[in-house]
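Trainee: Each chain, letter by letter, is given below.
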Amino acid sequence: MAYVSIPTYSRSIPQRYALIAAKCKSCGAISLPLGANCLKCGKILEYESQKLSGRGKIYCFTTISRGGSPPEFLAQQNLVGSYPVAVVELDEGPRIVAQMTDCRAEDLKIGLEVESTFRRIYDDDGMIRYGVKFRPVRTSREDS
Amino acid sequence: MLAGIVGCGVYIPRLRIKREEYQRVWGYSSRWVEEKSVADFDEDAITMGVEAASNALRNAKVDSSDIDALYFTSTSPPYAEKQNASTIATALGCRSDIATVDITSSTKSGTSALLSCLDFVNSGRGKLGLVVASDCPRSDPMGTLEHQLGAAAAAMIVGTEQVRVLVEESYSIVSESLGERFRRDGEGYVTTIDLGSYHETVLREVITSCVRGVMQKLHRFSEDYDSLVLGGIDPGKASEVSKKLGFEDGKISLGMVSTKVGDAGAASSLLALSKVLESASVGQHVICCSYGAGAGADAISLAAGAEVRQVAGARYEDYLAKKEYIDYTTYIKIRRILAGR
Chain P
926 MAYVSIPTYS RSIPQRYALI AAKCKSCGAI SLPLGANCLK CGKILEYESQ
976 KLSGRGKIYC FTTISRGGSP PEFLAQQNLV GSYPVAVVEL DEGPRIVAQM
1026 TDCRAEDLKI GLEVESTFRR IYDDDGMIRY GVKFRPVRTS REDS
Chain F
380 MLAGIVGCGV YIPRLRIKRE EYQRVWGYSS RWVEEKSVAD FDEDAITMGV
430 EAASNALRNA KVDSSDIDAL YFTSTSPPYA EKQNASTIAT ALGCRSDIAT
480 VDITSSTKSG TSALLSCLDF VNSGRGKLGL VVASDCPRSD PMGTLEHQLG
530 AAAAAMIVGT EQVRVLVEES YSIVSESLGE RFRRDGEGYV TTIDLGSYHE
580 TVLREVITSC VRGVMQKLHR FSEDYDSLVL GGIDPGKASE VSKKLGFEDG
630 KISLGMVSTK VGDAGAASSL LALSKVLESA SVGQHVICCS YGAGAGADAI
680 SLAAGAEVRQ VAGARYEDYL AKKEYIDYTT YIKIRRILAG R
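Here the protein sequences come in this chain order: P and F.
Reading the first sequence from the start, the letters are residues 926 to 1069 in the working numbering.
Reading the second sequence from the start, the letters are residues 380 to 720 in the working numbering.
Check each hint, because a few of them may be wrong.
Here are the simulated distance ranges between beta carbons [as the list claims (entries may be wrong)]: (1) P:933 - F:567: 25 to 33 Å; (2) P:995 - F:566: 44 to 52 Å; (3) F:504 - P:974: 23 to 31 Å; (4) P:1049 - F:707: 24 to 32 Å; (5) P:933 - F:504: 55 to 63 Å.
From chain F, some residues computed to sit far from chain P (all C-beta separations above 12 Å) [what the hints assert, rightly or not]: (6) 402; (7) 404; (8) 567.
Rather than coming from a laboratory, the hints here were simulated on the basis of the structure.
All C-beta atoms in this analysis are idealised placements derived from N, C-alpha and C, irrespective of residue type, glycine included.
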């Protein structure tokens, strides 16, 4: 990723902050992030909004080591070092890329159950860009 | 029916730093902090507040779209200007036609936010209110305050239906005093001019008249209460003040969070109150009094209702148990004291 302007970022704030996804009116599949077309049936997306649970499983993951981070994450890497990033398959279907937090890279494995948490992602234009990260589940499914 | 507390939730970040680390680096440490919680690199008062609020909504079985007002309070809001509550409301998925309020600049303000939210519901402006108190204050690493400053959040849902904790009465005190704890406009670090007994006298007088005030309004005495929560006050002073008020140590120990979490600023009072409510029994009475330098205090008298245990689910003790220790170097990096904003 590179620079995302504030207006562009703002348009996707409900997705980024609260995992508000699109439920396709044709096939019922859930799309996140929102594009012009449904991720499943490919039709032009007509949808109703749906707040996702934030629960899912690690589909695959990697570690971004020193020198490998996009510029907006340079400050994080300088202060914290390497950080884990995963493709998370959400319970509702979509797969999204996000940082893992509250864990060490060695704790991660494919299939690990994760839950979303609201965090600071990076700073740009003097503004804090907030969004969703994932962590290994800490609350049981019955509680949520 | 009058508004009361429908549910509450807390959040304590998982990172901790021990007193021994401060001893190792500086050769001295706070008298009373055994260990304290630390907001991670990607956490701040807003993100911790969202976690506590999510827990409160889940515990109260309230949907975020039913919230009519959000009161956010912190002495360390990420933005000194730009509404902070709007970030929390959006992250929780609240409606857009709700009242939002940021209350800053006093460690007392957890109770200010709770009382304001109760007024909002009692006035009929809305049915359900959400109070979010979250704080991770920063201070000069060379100063005497820095070691004690922790990080935590607490949230409460206020409503008139399914009230689990009744709010009986409140009483407030204000008294102008200088130098105890302050942060000038534009500065990032909270500071103090240590004036020992002067500040101790102010604190003692403000808190005792506040707690006595609320008891007198209800024609009650310290014997009528099961617990006294003193937010924003270190354990030594809390013990001294409560004895003066006729509360033995056993009645304040449950509401003492700072030895393990540190001084959680504006979140202190509601964090401690949540902890007390988690183990309260039906019919028990609690006074929650918060203090802020400068100085002001609010005391709230509460009574546990029939379903008091349902008020809190993701529990204080669970958060306290899940922890990872860090060293001082990691601490000053992730708290952006060594470098960065």
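Trainee: Are the hints correct? Go through all of them and say.
Mentor: Results for each hint:
no., hint, result
1, P:933 - F:567: 25 to 33 Å, "30 Å, holds"
2, P:995 - F:566: 44 to 52 Å, "32 Å, violated"
3, F:504 - P:974: 23 to 31 Å, "27 Å, holds"
4, P:1049 - F:707: 24 to 32 Å, "30 Å, holds"
5, P:933 - F:504: 55 to 63 Å, "36 Å, violated"
6, 402, "24 Å, holds"
7, 404, "18 Å, holds"
8, 567, "15 Å, holds"
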